[in-house]
Amino acid sequence: MTVDFLFDSLVSLFPSWENTDPFLVISMLIPLVATFGFITVYALVVIYAELKVSSFIQDKVGPMGQGVGLHAGKWGLLQPIADALKLLSKEDIIPSSANKLLFILAPFMIFVGAFISFIALPFNGSIIVSDLNIGIFYILGVGSLAVIALILAGWSSNNKWSLYGGMRSAAQIISYEIPAGLSLIVVIMLAGSLNMQEIIIYQQGGISNWIIFDNPFMPIAFVVYFISALAETNRTPFDLPESESELVAGFVTEYSGMRYAFFFLSEYANMFVVSVVAVTGFLGGWQSPFSGSLDSPLMGVFWMLSKTAFLIFIMIWIRWTVPRLRVDQLMHLCWKVFLPIGLFNIFAVAIWTVLFG
Amino acid sequence: MADLVFWFIAIFTIASALVVVLNNQLLYSAVALLFTLFGVAALYIFLWADFIAGVQLIVYIGGILVLIIFGIMLTNRISSVRLSQTNVQQGIGGVVSIWLLILLSLIISKTPWLEKQSFEPVSTVHDIGILLLTKYLLPFEAVSLLLLGALIGAAVLSREGT
Chain A
1 MTVDFLFDSL VSLFPSWENT DPFLVISMLI PLVATFGFIT VYALVVIYAE
51 LKVSSFIQDK VGPMGQGVGL HAGKWGLLQP IADALKLLSK EDIIPSSANK
101 LLFILAPFMI FVGAFISFIA LPFNGSIIVS DLNIGIFYIL GVGSLAVIAL
151 ILAGWSSNNK WSLYGGMRSA AQIISYEIPA GLSLIVVIML AGSLNMQEII
201 IYQQGGISNW IIFDNPFMPI AFVVYFISAL AETNRTPFDL PESESELVAG
251 FVTEYSGMRY AFFFLSEYAN MFVVSVVAVT GFLGGWQSPF SGSLDSPLMG
301 VFWMLSKTAF LIFIMIWIRW TVPRLRVDQL MHLCWKVFLP IGLFNIFAVA
351 IWTVLFG
Chain B
1 MADLVFWFIA IFTIASALVV VLNNQLLYSA VALLFTLFGV AALYIFLWAD
51 FIAGVQLIVY IGGILVLIIF GIMLTNRISS VRLSQTNVQQ GIGGVVSIWL
101 LILLSLIISK TPWLEKQSFE PVSTVHDIGI LLLTKYLLPF EAVSLLLLGA
151 LIGAAVLSRE GT
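So the protein sequences, as listed, match chains A and B.
Under this note's numbering, the first residue of the first sequence carries the number 1, and numbering increases by one thereafter.
Under this note's numbering, the first residue of the second sequence carries the number 1, and numbering increases by one thereafter.
Just so you know, the hints here were simulated from the structure itself, not pulled from any lab data.
Hints may contain errors.
Listed below are several chain B residues computed to face chain A (Cβ distance under 8 Å; list not exhaustive) [what the hints assert, rightly or not]:
#1 S29
#2 L47
#3 D50
#4 G54
#5 I61
#6 L65
#7 S123
#8 V125
Covered stretches of chain A, as calculated for chain B (at least 3 residues, CB under 8 Å) [what the hints assert, rightly or not]:
#9 131–142
#10 167–180
Computed from a predicted structure; not experimentally measured.
Glycine residues also receive a C-beta, built at the ideal position from the N, C-alpha and C atoms.
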């Protein structure tokens, strides 16, 4: 664990200090600041990726630096920074009829919900802020904070579009938590642990040992989890809460500037969290796909991030290719398709494990 | 250090619980309840009960609190931001609360509590799972039957024309 490691190294660096409490505080603060920095840098990268991938899918070039001087840097590399500065310098509007306290609280709550999930994400065998016993369960649990934040954002704006957006997103996230949870139960059944690192260690020994190839039912579970995760992060084709053609912008209609940026940031942070959970649960986590080679700790970080980046790329790809679902189709897919498949999967994998496991 | 954190969480939990009870804006109470439930989850972690803390997050915050907020929002006064609550049964409520307080204090003072364990359990989830499917199988199944009954009942009640 990173916190213990930092604490021990601080204690050995300054052995003359009697009171170790400041060391504990520092060793807890460092990972938090690092996580915050990581989310910010990651958001800039993924915003650039989203701009470029969407442009290529629509057969255009996207942001480019043209002519003399720096417009958006080479290949538009400065575009996300320009976007961030634009959001920061925009006027911060609070509608006069809004409930000010909750209106201000909601963006922070949704960001905190995404932020504290990062604590349990493993980057390699030792880089994990806190190696919780209940890691995967914890991530599912703190995800529920987002639901409340979205409803509050929708309601406190005192705007009918925001309210509809908030209600839709709450219904959607609560519904899709169930198939996502059922798919992860199958993973937990195989690995026999809720701990993220133990689930990854279970998949040791190359690509054929990854949970997704463990038995014929696991690819189904992976697809169900991935689509449910898309729905939980409010990404197209499940972006009904903010569908601009009917609800202006859903629960973010009244938000501007910095507060809008927080919603944006948490959406991208949540994409990262669900992708890491999918990689951990199905694609071997930080393990190398080749048994016994390229599995140094540094390569572990590389494998983790590249697998995650691949899943995020698929999410962006889906967003710019698939049209949005209708509300009834959304609920039909969750309750009448994914739920029976998820329950069937649990039984099938249990029987498979008893017979061949 | 640990004591300091404990007192912080305890005061945080009690203060937000007081806001839940004393505030007269219904939605503020619901939001304050969120912080109370978070505080209780943090207290569970202090007792090494990490799994119970996770269940607290999923069931109470992700389920019951969302249900409460939905309930508030689906009332017909949803369009106004000023939803208020008032206590009409203060007398009876006070008597019941004081009686409950006395009862709980009696039970807390008479129960032989386990001494605080100085070591961290390796994994609580494993033992809970084994116990639920062996020693406590019957209560576990009874509770799931109850929940199934509630689910079917809700589905029947919400159907049109019945």
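(message) Checking each numbered hint in turn, tell me which of them this model violates, lowest number first.
(response) 1 and 2
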